[in-house]
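Undergrad: Single-letter residue listing:
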Amino acid sequence: MSPHIVLRVGAKVLIPVILLFALYIQFHGEYSPGGGFQAGIIFAAALVLYTLIFGLDAVQRAVPPVAVHLLSAVGALLYIGVGVWAMFAGGNFLEYKVLAADPHLGETMGIILIELGVGITVGAVVISLFYSFAGRTREQEN
Amino acid sequence: MLMGIFSLLAASLYVLLDAVDVALTEAAVGAGVSIILMLGALVLTTSEEKVHDAKHNLLALVVVLITGGALIYGTMDMPNFADPQAPAHQHVAPRYVQDSVDEIGIPNMVTSVLASYRGLDTLGEVLVIFSAGVAVLLLLGAGTYRRRPRPPRKRTK
Amino acid sequence: MEWLGLFNYWVVVVLMMTGFYVVIAQGNLIKKIVGLNIFQTSVFIFYISLSKLEGGTAPIYVEGITAYSNPLPHVLILTAIVVGVALTAVGLALAVRIHEAYGSIEEDEIQAQDEEDARNT
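Chains as they are written, first to last, in the working numbering: chain A, 1 to 142; chain B, 1 to 157; chain C, 1 to 121.
Only chain A is shown next, with the shape it has when bound in the complex (with noise of 0.2 angstroms):
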């Protein structure tokens, strides 16, 4: 176990505060600077903490990486769906309006499934990047 514990006390503190903003960032980018790239980030940035005191074993044990393989996938492909989704209501590729009864609300929930979308990938992409370098090192260690 690490002997640091101010620098364990004050990550447990911090990181969910940091998860919670990623989250706000994400869902309020409607109305404030924010979206889905920010919050993909700011969400990574978090599980990079976590791994600098904990170790590369403890975050892959909460966060394995074949999830976030396949989230990296996720997130593309929803973008993508709600696309087609678009098309298969009578609209153009991404053309949000036709999505609801309203236009305002159809082009809103577009807009908030794709932001999840780019949120999940970029996040997923930015954590695989980092346990992709981690990795290596820890190989190179042993």
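These are computed hints drawn from the structure, not numbers from a lab.
Be aware that a few hints might be false.
[Stated by the list, open to error] In silico EDC-like links for lysine to aspartate or glutamate, alpha-carbon gap of 16 angstroms or less:
hint	chain 1	residue 1	chain 2	residue 2
1	C	K31	B	E49
2	B	K50	C	E106
3	B	K50	C	E54
4	C	K32	B	E49
5	B	K50	C	D108
6	C	K31	B	E103
[Unchecked claim] Here are some, though not all, of the chain C residues that point toward chain B, as calculated from beta-carbon distances under 10 angstroms:
hint	residue
7	L4
8	M17
9	L50
10	E54
11	G64
12	N70
13	G84
14	V90
15	Q111
[Claimed, not checked] So the derived list for chain A, only partly shown, Cβ under 7 angstroms to chain B, looks like this:
hint	residue
16	H4
17	V6
18	H28
19	V48
20	D57
21	R61
22	S72
23	Y79
24	V84
25	F88
26	G91
27	N92
28	L94
29	I114
Every residue, glycine too, gets a C-beta built ideally from N, C-alpha and C.
Add chains B and C to chain A, keeping to what the hints say.
TA: Just chains B and C, lined up with the frame of chain A:
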């Protein structure tokens, strides 16, 4: 460390230039992620550099000065800073600013341009990021299982 | 005083040339990537300074304000920053693999090894 300060300064500059979304992104990327990746790469390679001779650098300096001079000469024809008559403010921007709130129904114009007007563009960017993630996975492995270190490259005699 | 209005472009040119110098003068691959990052930031500042409007405010709709900065460059740069960090990671990963294969990330040493290989085959 210096790169972190550089990113923070860039983010502050973006706030001053009214680009709050961009500033948020730059702050998150510069402070959180890119430094960690850079440090990881330095651990995996080497943090020491070979000393170079000065002649090579002098040539580079001359090339840089000529290019920079040409670019500065080119700026003489550019519109002044924050000029409302600049071409960048004439074409599509007024439409986004005036109509996006009525058409999309959300107040943040950056989000509505990003996700709705230029949705296909953003889809492309997301796919680029996804491909970059796949490329790093192919180059460095997933970091999940331990392999024996690779033997040094065999020279073909 | 007319020329002071072009000050933002000069800042961009100086930053861009700093990055350019690092890219062509340094033989170290990691330093080249740092140089590319500086170059990239200068392009971001160029776009963002173009989008600034005299008397305008951040492009989030508020009742009673009509002048906003141009949101389009913000969108382009917002995505470019994230794509930039992903591509930086690809470049660093390539540098790591080059170091594993050649034992060096200095450009001239790598080239010397390649030439030696070519002579021996």
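Undergrad: Look at each hint and say if it fits the structure.
TA: Hint check:
1. K31(C) to E49(B): holds, 9 angstroms
2. K50(B) to E106(C): holds, 7 angstroms
3. K50(B) to E54(C): violated, 48 angstroms
4. K32(C) to E49(B): This hinted pair holds, its Cα atoms lying about 12 angstroms apart.
5. K50(B) to D108(C): It holds: about 10 angstroms lies between the C-alpha atoms, which stays within 16 angstroms.
6. K31(C) to E103(B): Distance of about 47 angstroms is beyond 16 angstroms: violated.
7. L4: For L4(C), the interface hint holds, since the closest Cβ of chain B sits about 8 angstroms away, which is under 10 angstroms.
8. M17: holds, 4 angstroms
9. L50: holds, 5 angstroms
10. E54: holds, 4 angstroms
11. G64: violated, 13 angstroms
12. N70: holds, 4 angstroms
13. G84: holds, 8 angstroms
14. V90: holds, 5 angstroms
15. Q111: Violated, because the Cβ-Cβ distance from Q111(C) to chain B comes to roughly 13 angstroms (cut-off 10 angstroms).
16. H4: At 18 angstroms from the nearest chain B Cβ, H4(A) fails the 7 angstroms test, so the hint is violated.
17. V6: Because about 21 angstroms separates V6(A) from the closest Cβ in chain B, which is outside the 7 angstroms limit, the hint is violated.
18. H28: Given a least distance of 9 angstroms, the restraint on H28(A) is violated.
19. V48: Hint holds; V48(A) Cβ to chain B Cβ min 6 angstroms, cut 7 angstroms.
20. D57: Result: violated, 11 angstroms to nearest chain B Cβ.
21. R61: Violated: closest Cβ of chain B sits about 12 angstroms from R61(A), beyond 7 angstroms.
22. S72: holds, 5 angstroms
23. Y79: holds, 6 angstroms
24. V84: violated, 12 angstroms
25. F88: Violated, because the Cβ-Cβ distance from F88(A) to chain B comes to roughly 17 angstroms (cut-off 7 angstroms).
26. G91: Violated, about 12 angstroms.
27. N92: Given a least distance of 10 angstroms, the restraint on N92(A) is violated.
28. L94: Since the shortest Cβ distance to chain B is 4 angstroms, the answer is holds.
29. I114: holds, 5 angstroms
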